[in-house]
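Turn these sequences into a full structure, and let the hints guide you.
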Amino acid sequence: MIMLKNVSYKYDETEVIKSCSLSFSPNEVHLLVGPNGAGKTTLIMLLKGLIKPSRGRVFSPRGQISAWWQKMGVLFQFPEDLFFNDNVYEEIVYGAKRFGVKDIDRRLDNIVDFLGLDPEILQASPFDLSYGEKRIVAFASILIWDPLYLILDEPFSGLDWQFKKRLTETIESLKDKMGIVVISQEFDSIISFVDRVSLIVRGELVFSSPVEEVDWDEVYEVGCDVPSAVRLGKKLKSNGIELISDKIPYTVSGLVDALKK
Amino acid sequence: MIRTYSLILKRSDNVVIQDFNFSWNKGENIVLVGPNGGGKSTLALGLSGILPVEPGSIVIDSKDITDYDLKSLRKKIGIVFQDPETQFVTTDVWREIGFGLSNIKEESSRIKERVECVIEDFNLRGILDRDPSTLSAGEKQLVAIAGIYAMQPEFLIFDEVTSYLDRKSRERIYELWDSIASSLMIITQNFQEIGFGDKVILLDDGKISFEAQTEDLEGSAHFSYDSDFFNLLKKNQNQIPEYNKIVEILK
Numbered sequence: 001m002i003m004l005k006n007v008s009y010k011y012d013e014t015e016v017i018k019s020c021s022l023s024f025s026p027n028e029v030h031l032l033v034g035p036n037g038a039g040k041t042t043l044i045m046l047l048k049g050l051i052k053p054s055r056g057r058v059f060s061p062r063g064q065i066s067a068w069w070q071k072m073g074v075l076f077q078f079p080e081d082l083f084f085n086d087n088v089y090e091e092i093v094y095g096a097k098r099f100g101v102k103d104i105d106r107r108l109d110n111i112v113d114f115l116g117l118d119p120e121i122l123q124a125s126p127f128d129l130s131y132g133e134k135r136i137v138a139f140a141s142i143l144i145w146d147p148l149y150l151i152l153d154e155p156f157s158g159l160d161w162q163f164k165k166r167l168t169e170t171i172e173s174l175k176d177k178m179g180i181v182v183i184s185q186e187f188d189s190i191i192s193f194v195d196r197v198s199l200i201v202r203g204e205l206v207f208s209s210p211v212e213e214v215d216w217d218e219v220y221e222v223g224c225d226v227p228s229a230v231r232l233g234k235k236l237k238s239n240g241i242e243l244i245s246d247k248i249p250y251t252v253s254g255l256v257d258a259l260k261k
Numbered sequence: 001m002i003r004t005y006s007l008i009l010k011r012s013d014n015v016v017i018q019d020f021n022f023s024w025n026k027g028e029n030i031v032l033v034g035p036n037g038g039g040k041s042t043l044a045l046g047l048s049g050i051l052p053v054e055p056g057s058i059v060i061d062s063k064d065i066t067d068y069d070l071k072s073l074r075k076k077i078g079i080v081f082q083d084p085e086t087q088f089v090t091t092d093v094w095r096e097i098g099f100g101l102s103n104i105k106e107e108s109s110r111i112k113e114r115v116e117c118v119i120e121d122f123n124l125r126g127i128l129d130r131d132p133s134t135l136s137a138g139e140k141q142l143v144a145i146a147g148i149y150a151m152q153p154e155f156l157i158f159d160e161v162t163s164y165l166d167r168k169s170r171e172r173i174y175e176l177w178d179s180i181a182s183s184l185m186i187i188t189q190n191f192q193e194i195g196f197g198d199k200v201i202l203l204d205d206g207k208i209s210f211e212a213q214t215e216d217l218e219g220s221a222h223f224s225y226d227s228d229f230f231n232l233l234k235k236n237q238n239q240i241p242e243y244n245k246i247v248e249i250l251k
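Chain order of the listed sequences is A and B. Residues in the first sequence are numbered from 1 upward in steps of one, following the numbering used here. Residues in the second sequence are numbered from 1 upward in steps of one, following the numbering used here.
Keep in mind that the hints are not guaranteed to be accurate.
In the DSBU-like style, the derived pairs of lysine-lysine whose C-alpha atoms are separated by at most 35 Å in a straight line are [stated by the list, open to error]:
1. Lys5/A to Lys247/A
2. Lys168/B to Lys10/A
3. Lys175/A to Lys168/B
4. Lys10/A to Lys112/B
5. Lys10/B to Lys165/A
6. Lys168/B to Lys52/A
7. Lys105/B to Lys235/A
8. Lys199/B to Lys234/A
9. Lys247/A to Lys18/A
10. Lys5/A to Lys168/B
11. Lys237/A to Lys247/A
12. Lys207/B to Lys165/A
13. Lys199/B to Lys165/A
14. Lys260/A to Lys234/A
15. Lys235/A to Lys199/B
16. Lys165/A to Lys175/A
17. Lys260/A to Lys247/A
18. Lys26/B to Lys105/B
19. Lys112/B to Lys207/B
What the hints contain is simulated information worked out from the structure, not anything from laboratory work.
Following this line, the structure appears as structure tokens:
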């Protein structure tokens, strides 16, 4: 478990994170939602230890995870902008080499296989890949060193349907192996396997609750999207179509069930 | 009007757009969709004169693109990218909006007049002194658009500009598109943005694989889950909103 306790952070004189207390469990998919500029990316930089809190602390309870910040793999927005190696192989193994990870080539084979990458692209320049392939390569460069937590900042941005699906399936297959934190404005594809949702607005935590208990109206009102099942469920209700539950299901399959019954 | 004749565009020696013939009428709004790597951004860079044409030609208002100087080309066509930070070069919003104009050597009185006008149009008065890099993603994108819009290009390309914006910021861009509503090219993975076009073009493997007037796509026949249009999109691995599955169940 990684915890933020009363954490605040200032950029110059502006407090962008305000006394935020939040915990991140292993084996949990935790979705951070909030309007652009709410402080979500700053929060994950605190979580990764890239910046230090102005007040409060980020920690793992005694005896749980030592040097936790080294075990967090972060996929930042537009990760492909950070490429600098001559070929895909070097790009993927760069971080693992720096961390002194052993058995790199065996791990690389596993990752290439797991992510469905064409082994031939390992010798290609990362700059020549398609947009979607670049994102998968950036993802591979993190997974190869087995992080305990995977933090994904807008991982679907700019991806087409095929790559969104591929990345969604990959994230889902990792959810029992590591803690996953996702920041996304387009979370429709992952909402069916999200465990917890936290809403951040103007640097403050509005709520952190299990996905089943989320008040989606509150999420909508601060300027974010809500799952399309919720949006459609509301429209159906307002057009007099009955659903079996008072609370509108947040997944497509949940809504279909509520309609069938 | 912009026309391409047997256009070929390359990225790092790879042919991305091949033998491409296309026209974009003044006033016409085009939505360009298609898979990653299909050539959308490459076409946008080519049309805006950023990538060299080799071979083939791009003709803008009866004049070859290579015959334009930078100033007159930027007044013809502007482009806004997905990641606005790649466009920022100054440290305050006012200068950022005016940068494009000063880069094409407009007179300072003209720059001032245009920047002030755009600030009002885009409602940016409250953030003028801020460093663009410290703005929220939605604000950054608006500033990037404002900087291009200030040059009053006749044709304007938006390359996936809403893809990581929150709902409210996205709706603000939509309002802007509604208010400009002329000679826009909107490149998107968001199926809901198709409605902003008079024409929708699906670009795959560097070629147009589907093209239709948007009004011909309206109505349930085209948007049902097993329509030709959807099958084509599926085949081309494009985005299909999940709620269409529910719409189908409800039929």
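- Would the pair Lys260/A and Lys247/A pass a check requiring their Cα atoms to be no farther apart than 35 Å? Measuring from Cα to Cα gives roughly 16 Å; hence the hint holds.
- Task: Would you check the hint for Lys175/A and Lys168/B, treating anything up to 35 Å between C-alpha atoms as holding?
- Result: With a Cα-Cα distance of about 30 Å, the restraint between Lys175/A and Lys168/B holds, given a limit of 35 Å.
- Query: Does Lys18/A lie within 35 Å of Lys247/A when you go C-alpha to C-alpha?
  - Reply: holds (31 Å)
- Pair hint outcome, Lys112/B versus Lys207/B [Cα-Cα no greater than 35 Å]: Violated. Lys112/B to Lys207/B sits at ~42 Å, over the 35 Å cutoff.
- Pairwise hint evaluation, Lys247/A against Lys237/A, where the allowed Cα distance is 35 Å at most: Since the Cα atoms of Lys237/A and Lys247/A sit roughly 11 Å apart, the hinted pair holds (cutoff 35 Å).
- Query: Hey, Lys260/A versus Lys234/A, does the alpha-carbon distance stay inside 35 Å?
  - Reply: Holds. Lys260/A to Lys234/A sits at ~16 Å (cutoff 35 Å).
- Message: Tell me if the straight-line CA distance from Lys5/A to Lys247/A falls inside 35 Å.
- Response: holds (32 Å)
- Is the Cα-Cα distance between Lys10/B and Lys165/A 35 Å or less? Holds, at roughly 28 Å.
- Take the C-alpha atoms of Lys10/A and Lys112/B, compute the straight-line distance between them, and say whether it is at most 35 Å. Holds, because 34 Å separates the two Cα atoms, which is no more than 35 Å.
- Message: Does Lys52/A sit within 35 Å of Lys168/B, going by the straight-line distance between their CA atoms?
- Response: holds (31 Å)
- Task: Sort out whether Lys168/B lies within 35 Å of Lys5/A, counting only the CA atoms.
- Result: The hint holds at about 30 Å.
- Query: Is the hinted pair Lys199/B and Lys234/A satisfied, with a Cα-Cα distance of at most 35 Å?
  - Reply: holds (31 Å)
Violated hints, listed in ascending order, are 7 and 19; each of the other numbered hints is respected by the structure.
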